[in-house]
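Given chain A, put chain B in place with the hints provided.
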Amino acid sequence: MLKSMRVSALAAALMAATSLTAFAEVVYHRGNTADPETLDQHKTSTVYEAHILRDLYEGLVTYAADGQIIPGVAEDWTISDDGTVYTFTLRDNAKWSNGDPVVAGDFEYSLRRIMTPDTGAKYATVLYPIMNAEKVNKGEAKPEELGVKAVDDKTLEITLESPTPFFVDLLGHQTGLPVHPATVEEHGTDFVKAENFVSNGAYTLTEFVPNAHIKAVKNPHFHDAANVQVETIFYHPTEDRGAALRRFQAGELHTNNDAPTEQVDFMRENLGDQFRVAPYLGTYYYALNHEDENLAKPEVRQALSMAIDREFLADEIWGSTMVAGYSFVPPGIGNYGEPAYADYKDMSQIDREEKAADLLEAAGYGPDKPLKLTINYNTSENHKNTAVAIADMWSPLGVEVSLVNTDTKTHYAMLRDRQDFDVARAGWIGDYSDPQNFLFMVESDNTGFNYARYENPEYDALMDEAAATIDLEKRAGILKQAEEIFMRDLPFIPLMYYGSMNLVSDKVSGFEDNLLNIHPTRWISISE
Amino acid sequence: MHRYVLGRLLGAIPTLFLIVTMAFFLIRIAPGGPFDLERPLEAKVMENLNRIYHLDEPLWNQYLLYLKSIAQLDFGPSFYFRDFTINELFARSLPISMQLGLSALCLALVVGGTMGVFAALRQNRPPDYAVMAAATLGVTIPNFVVAPILTLILGVWLGWLPVGGWNGGAFVNVILPVVTLALPQVAVIARLTRGSMIEAMRSNHVRTARAYGLTSYMVIVVHALRGAILPVVSYLGPAAAALLTGSVVIETIFGIPGIGRYFVQGALNRDYTLVMGTVVIVACFVILFNLVVDLLYALLDPRVRYD
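Top line first, the protein sequences correspond to chains A and B. Counting in UniProt numbering, the first sequence runs from 1 upward without gaps. Counting in UniProt numbering, the second sequence runs from 1 upward without gaps.
Just chain A, same shape as in the assembly (with noise of 0.2 Å):
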């Protein structure tokens, strides 16, 4: 009788606790590097407001948790010969946060805004290559003259000013997501605002308390809603490595998307796999300034490149979360192939300095006339040891260095107003897997990311005959030979591709490590 009451007791208690278990809310405490400047889609322009806005909104095309393009609230699409219109067929059951449909109307609306002067987009460049787009932002042309057209509910035709066959690509950037036109209509820029806020992702807003989380709920309106693990996400700001490290110690977070690099080797004892390094698709770079006298010699770069031990640099100043880089474009990008090393890449280190002294010598300089460098780089400990590496590998060489260290935001500005300068630290993290996305910025127009003021004609011809090719292949062939260019007559000096840190909990599944570091929600699970 009592071992019968007793084995009651169990199943109804083991009963409970199943029972518990199914209704137990998942809730995922994601740790991101900052704040959100805004939760304006149109408006945003850095990574982490990329994070939570992919879990908020979808656009025509989305991530799969391997950071691979999918099909988003278009399932399909067709591309005309010329390669320059774009036609998408829109999900039927694609719906709003508040059950209204997305319809082809709502991209043709969200468009035209972020091309709007008046809506300061930051970043609506990104969406340039759409007809009129660079006129319609720069208010030479009417929104209505945007290569943006919905043909009925669910049909969207977007034209472009010439073919751009990482197009597609370009629409999962977050400047790609839509807005709900009517919310927008009603409350202006308060549409962002928690008790105004409609979305057509999987989640959507409840709560952002700055500097405190942005809370976010799942969308029962999302078309795969069915197939969504976590039910409220909180994102906690992490400006502090070294806290959110504790934070996730002491199971606070489950995810965080930084980690503190000076302690990457008690990370690597402690963590085990919890702590995640992955290829990222960037590369830490010094832009050579090639106005500058000395520097205008090919030898003198050349020299300058090949003295620097960049194993050292990525293994020993940053801990191996970054990976000696001896191109521009990052390996693993897509639409390329293998990026065009420097043909130093495979000689050893002191071999490549005793060439390296040679040509410096050529070039007119060594110990009786050494030649006097100054690196700007912006506030950071790991860029200064770096800095202070290079110009000790460049000193046996007979080069003075001396270092310039000032806030990022003056910086970058000395850059923009093109001041003086000889070599400064930059980094480019790619918003698109094309080879297009780097090599562009030392196109002779762009003024605003050529920080080396590099002009070469044939190098531009070649980007702007790649522009214009559509068969992907032959367009890799002609970026290569421009990256062989680049890497003859080097605007910048590439340092290191960077590596993406993360640190995810033994209980987290679905986050998938890839050289975006794109990690949806919505492929995510918890067990507790």
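Any given hint could be a false lead.
What the hints assert, rightly or not - The calculated lysine to any residue pairs, modelled on SDA-like cross-linking and capped at a C-alpha distance of 20 Å, are:
1. A/Lys193 x B/Arg92
2. A/Lys149 x A/Asn132
3. A/Lys138 x B/Tyr53
Hints are computed from structural coordinates only; laboratory data are not their basis.
Here is chain B on its own, set in the frame of chain A:
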């Protein structure tokens, strides 16, 4: 008394005006603007943004616009947190910083005051040395060292307290930040109280009180402590202003959405309105707390009266 308070408050207006003017032009001298990013913006996009935020107008115009705006208690839009106005940001964060600061201040007063009295009554004996050694440690070890150690021990290893997050001001979330914020103040108050308490205990009026055969409690608490607390009260003005307007380090390490972080964020992001707003708020607090200290002084010391 009312005239005195009113006079002091009205007298603060030119001071505030001067602070606002200096801060406005100083922040504009700093190189780089709110829209200078690692990825430079298209010239036209920059132009659009400058127009939206009136940055394309002459500096004097911008200054006058700002003055007009704060005269209406409108601190303007944030250049960085583009979904919020500065008023909205402060409305959320100031109460949190005040709650945190007030708790830390009370804790520092109670613990530091008690420690100081305790040490003074056992002058030059082991308890006195122990308290003073602890106080020296409290002053010399900075917050950014204490906070990680406490979170590591009490949060990560023992799992007793949350490591970070505000959680709407839940008691368990408040403990570590308050203790960390209070520690240096505890040390300062203990040292101040000890010094002035020793002096007070040697004063004639305390000797007289003793000679009258008053109880130790009456002598210490009523007669000695009342005089001994005056230097602490003087110290409280700036300390309270600093505590109540937030601590950058504590708020960043513990992930607390207070006003302190806006100081650094505002300056680094060249968020002009956010910097100006925090300057004005802190200035107001300093002026207000100095006034409160002066009034407390008058209450505690009969020799000082403002009527």
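Consistency of the hints with the structure:
{"no.": "1", "hint": "A/Lys193 x B/Arg92", "result": "holds (14 Å)"}
{"no.": "2", "hint": "A/Lys149 x A/Asn132", "result": "holds (13 Å)"}
{"no.": "3", "hint": "A/Lys138 x B/Tyr53", "result": "holds (17 Å)"}
Figure legend: structure checked against the earlier numbered hints; every hint is met.
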